[in-house]
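Put chain P on the given structure of chain L with help from the hints.
Residue numbers (our numbering), protein chains in the order written: chain L, 146 to 465; chain P, 0 to 538.
Bear in mind the hints are in silico, worked out from the structure with no lab data behind them.
A few of these clues could be false.
Stated by the list, open to error - Pairwise CB distance ranges, derived in the manner of DEER restraints:
#1 Ser293/L with Pro219/P: 39 to 49 Å
#2 Arg470/P with Arg243/L: 54 to 64 Å
#3 Asp52/P with Glu252/L: 26 to 36 Å
#4 Ala286/L with Ser392/P: 55 to 65 Å
#5 Asp299/L with Thr271/P: 34 to 44 Å
C-beta: ideal position from N, C-alpha, C; glycine also.
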Amino acid sequence: MLSRIAQELFWLGRNVARAEHTARMLDGVFQASLQGRPDDPAGVRLGWGSILAIMGSQTDGRPVRRDEVLNRMTLTREEPASVISCVSRAREGARTVRDVISAEMWEAVNTTHLALSAGDLEGRMQMGPYSVFQYVKERSALFWGLTSRTMLRDEARAFLVAGGRIESADMVLRMLRVAMPAPGEHAEGTDGVRDGQALALLQAVGGFQAFRRAVPAPPNAGPVARFLLYERAYPDSVAASVDAVHGALFDADEVPRSSEPVLRLSRLAADLEFRGRAAAEDGNLAEASSLVQSELALIDADIAERYFAGAGAATGTVVA
Amino acid sequence: MVTDATTAYRPQPGYFDEVFAPDGTPHPHAVSLAAEIAKLGPELLTAAGHRRDAIFVQQGITFDATGEEGPVKDRPFPLDLVPRILPAREWDHIERGLMQRIRALNRFIDDVYHEREIVRAGIVPWRLIVSRSHFARAAHGVRPPGGVYCHVAGCDLVRDADGSWKVLEDNVRTPSGISYVLENRVAMTRLVPQFFQHHRVRPVDHYPQLLLAGLRSVAPSAEDEATVVVWTPGPMNSAYFEHAFLARQMGVELVEASDLVVRDDVLYMRTTAGLRRVHAVYRRLDDDFVDPLEFRPDSLLGVPGLVRAYRAGTVAIANALGTGVADDKAVYHYVPEMIRFYLGEEPILDNVRTYLMADEQQRETALARRHELVFKPTGESGGKGVFIGPSTSKEALDGLADVIRAQPEKWIAQEVVNLSTVPTAMPDGSLAPRHVDLRPFAVFGETIRIVPGGLTRVALTEGSMIVNSSRGGGSKDTWVLEEDTGADVPREGDTQLHEVMPTNMPGLRYGSEWTGQQQQQQQRRAEVGRQDPRGIGRP
Numbered sequence: 146m147l148s149r150i151a152q153e154l155f156w157l158g159r160n161v162a163r164a165e166h167t168a169r170m171l172d173g174v175f176q177a178s179l180q181g182r183p184d185d186p187a188g189v190r191l192g193w194g195s196i197l198a199i200m201g202s203q204t205d206g207r208p209v210r211r212d213e214v215l216n217r218m219t220l221t222r223e224e225p226a227s228v229i230s231c232v233s234r235a236r237e238g239a240r241t242v243r244d245v246i247s248a249e250m251w252e253a254v255n256t257t258h259l260a261l262s263a264g265d266l267e268g269r270m271q272m273g274p275y276s277v278f279q280y281v282k283e284r285s286a287l288f289w290g291l292t293s294r295t296m297l298r299d300e301a302r303a304f305l306v307a308g309g310r311i312e313s314a315d316m317v318l319r320m321l322r323v324a325m326p327a328p329g330e331h332a333e334g335t336d337g338v339r340d341g342q343a344l345a346l347l348q349a350v351g352g353f354q355a356f357r358r359a360v361p362a363p364p365n366a367g368p369v370a371r372f373l374l375y376e377r378a379y380p381d382s383v384a385a386s387v388d389a390v391h392g393a394l395f396d397a398d399e400v401p402r403s404s405e406p407v408l409r410l411s412r413l414a415a416d417l418e419f420r421g422r423a424a425a426e427d428g429n430l431a432e433a434s435s436l437v438q439s440e441l442a443l444i445d446a447d448i449a450e451r452y453f454a455g456a457g458a459a460t461g462t463v464v465a
Numbered sequence: 000m001v002t003d004a005t006t007a008y009r010p011q012p013g014y015f016d017e018v019f020a021p022d023g024t025p026h027p028h029a030v031s032l033a034a035e036i037a038k039l040g041p042e043l044l045t046a047a048g049h050r051r052d053a054i055f056v057q058q059g060i061t062f063d064a065t066g067e068e069g070p071v072k073d074r075p076f077p078l079d080l081v082p083r084i085l086p087a088r089e090w091d092h093i094e095r096g097l098m099q100r101i102r103a104l105n106r107f108i109d110d111v112y113h114e115r116e117i118v119r120a121g122i123v124p125w126r127l128i129v130s131r132s133h134f135a136r137a138a139h140g141v142r143p144p145g146g147v148y149c150h151v152a153g154c155d156l157v158r159d160a161d162g163s164w165k166v167l168e169d170n171v172r173t174p175s176g177i178s179y180v181l182e183n184r185v186a187m188t189r190l191v192p193q194f195f196q197h198h199r200v201r202p203v204d205h206y207p208q209l210l211l212a213g214l215r216s217v218a219p220s221a222e223d224e225a226t227v228v229v230w231t232p233g234p235m236n237s238a239y240f241e242h243a244f245l246a247r248q249m250g251v252e253l254v255e256a257s258d259l260v261v262r263d264d265v266l267y268m269r270t271t272a273g274l275r276r277v278h279a280v281y282r283r284l285d286d287d288f289v290d291p292l293e294f295r296p297d298s299l300l301g302v303p304g305l306v307r308a309y310r311a312g313t314v315a316i317a318n319a320l321g322t323g324v325a326d327d328k329a330v331y332h333y334v335p336e337m338i339r340f341y342l343g344e345e346p347i348l349d350n351v352r353t354y355l356m357a358d359e360q361q362r363e364t365a366l367a368r369r370h371e372l373v374f375k376p377t378g379e380s381g382g383k384g385v386f387i388g389p390s391t392s393k394e395a396l397d398g399l400a401d402v403i404r405a406q407p408e409k410w411i412a413q414e415v416v417n418l419s420t421v422p423t424a425m426p427d428g429s430l431a432p433r434h435v436d437l438r439p440f441a442v443f444g445e446t447i448r449i450v451p452g453g454l455t456r457v458a459l460t461e462g463s464m465i466v467n468s469s470r471g472g473g474s475k476d477t478w479v480l481e482e483d484t485g486a487d488v489p490r491e492g493d494t495q496l497h498e499v500m501p502t503n504m505p506g507l508r509y510g511s512e513w514t515g516q517q518q519q520q521q522q523r524r525a526e527v528g529r530q531d532p533r534g535i536g537r538p
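Chain L with its partners taken away, still in its complex shape:
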């Protein structure tokens, strides 16, 4: 298939996934922030400053206000990481590939975009952002549901899915890295702080009940991070996402055995499996997330190189 189309599909998947993850994260943090400090377990949650850090927005060091962050990350078109920007980009992408995706998928994306653009969204945010976030989550579920029901399982779908899953993995890793700074990175980063954040993190990705069913340990930082990194049975874990990206590209590639991104992905998947099964290494979880994140960045570059090179890609700036 055309490189240009493959890349468009890849980014369509990414944008839809990022809109959903951002909405989930904001919703989780918003709900937790309305209430006081939990007295058990003693701890703190992901704060509004952390969200900006996760999304890579500039904070210039002054304290951030809740409403400011909520509006910026949800409604502001000038903020490229906002939910509405993701949805708009997804809509433009879907429009470009209307002929490749099913009509129902296109309609799902387009309606979402129209609904978020029209109407008094700011008023709805004021009244309670829950309804807005819930809408985005539902529409994203609809999109992926339609994808699996109505789209041919071909190369095009493989790139769409690969984009969606690599974005999921990246979002979870970003949240993990903010919630669980490496030991020694922050003087005040006591265990209590990390435990509270881990709990908020689970709630922000919607994995609290899954964690409860899968892991008997209390939701402290270590077990939660292991779960989000390594638990293949949980669909939003990094390991499950990496598997899915691998599967999609393996199917899409003519010669997967000599494809750099596929090879890298299988190595990363095996590495995650090994780390997940090896004896507890909680001390290294922050390091592990960091390694996985850099490896994902390399994979992303390889994907662009191998499949989208003809689409006139430019290389981005390298941030070490």
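Using the frame of chain L, we list chain P on its own:
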């Protein structure tokens, strides 16, 4: 016509109102809340109420009740959107009082089934104890792990006209309602987040963790993680929603009797991988039904041999067998004495004045005042069989007097408490005072932990003091503030907690600078060259 909700509101004379002083100005800790409610206005409050009903029906948070036109099914659980608000100082008092009371009750249960010191000291008559319907001979001489009997307790508190807190009932069998506490809070943060703006409300959502930790701490297990289950009588039970809720939140199995089996005095559950050992059971059914070999032989809900396993110490049951004896309303009368006897302390929370009908002198004095008092059967719960003197006909009270004289040990009488009021939203969005009670939930594991607040039940009919949801009562979210007054919280939704914020997110290199043609065209029109803050390479 739109009326200003707060200025129109006047507390009822003779009752304590928890938000407004008699002159209509809010109490200091509730000033910001009252202002937010006024700012929202009656119309938006009503609109939020409609959204709440829709959400509750969608989520299946409904109940069945008996209305005036017969039974109604699947009604959305009536959550009133005006929260009840308790300052830190008041909650501290309640919490200390409840901990003291639960410690005393637990000592009493242990004593009843072992040394009976309180009987020998002549404080509680043995005859009264053994005649209680929930006294369990099967529990005699069995001491559960840690000596804890009432792992889960929910005492009903009321607030009298002078604002003082009193204990109305001790629920130590299977108190229900905690699921509504958690669901109410979630609904409130979604429907009216602006109410929370100027307060720091203590969260309640850690209850399932407390419960799980409490159950694990009493489970006789050599392994690291004990297997805990929630035992429900089945989907037909009116509290099934709560059973499923707790099992889901704790991530444990929800079992019925047919899933459990006892082999060689050890409890197992039947799984697809064969029998699996169970270490602790949180049971949501009464003693009578747990084991047909020991209690009612006609019980189809029970597990034969469970009591043997319990006696052998291979399984913990919460609440422990025989705990119901402390739930009895005649025993309730003695709780202040228990606190003095076992703990050597003065009770922090008072009882409502109670008269034992088994005592002839108390009985006749009380019956002479029967139009002023409340009469309750001792072994019931949930407001069943209660007669409220002032609102009962003379004929009915005369008939009741005969019933009581025939079986005096099955009845108590209590003074009427003028339940406090909290402003409550009417269908048109205006506020009116309605009577409330409070049921805080405690978990007794290694220590006693109480979830801040609890279930506030509210009588939705004007003047009514019947708060049971099966009889037209509703509920309110209960806020316990971290601070004493609402005035000194500078926060407007900002987090000032120790927030961990990396100075710089180690960036991801995303190679593709590529954007769709459409977007590129748009971008050129917009400014060029801004960096994607996430480093993903899209402006």
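Enumerated hints in conflict with the structure, sorted upward: none
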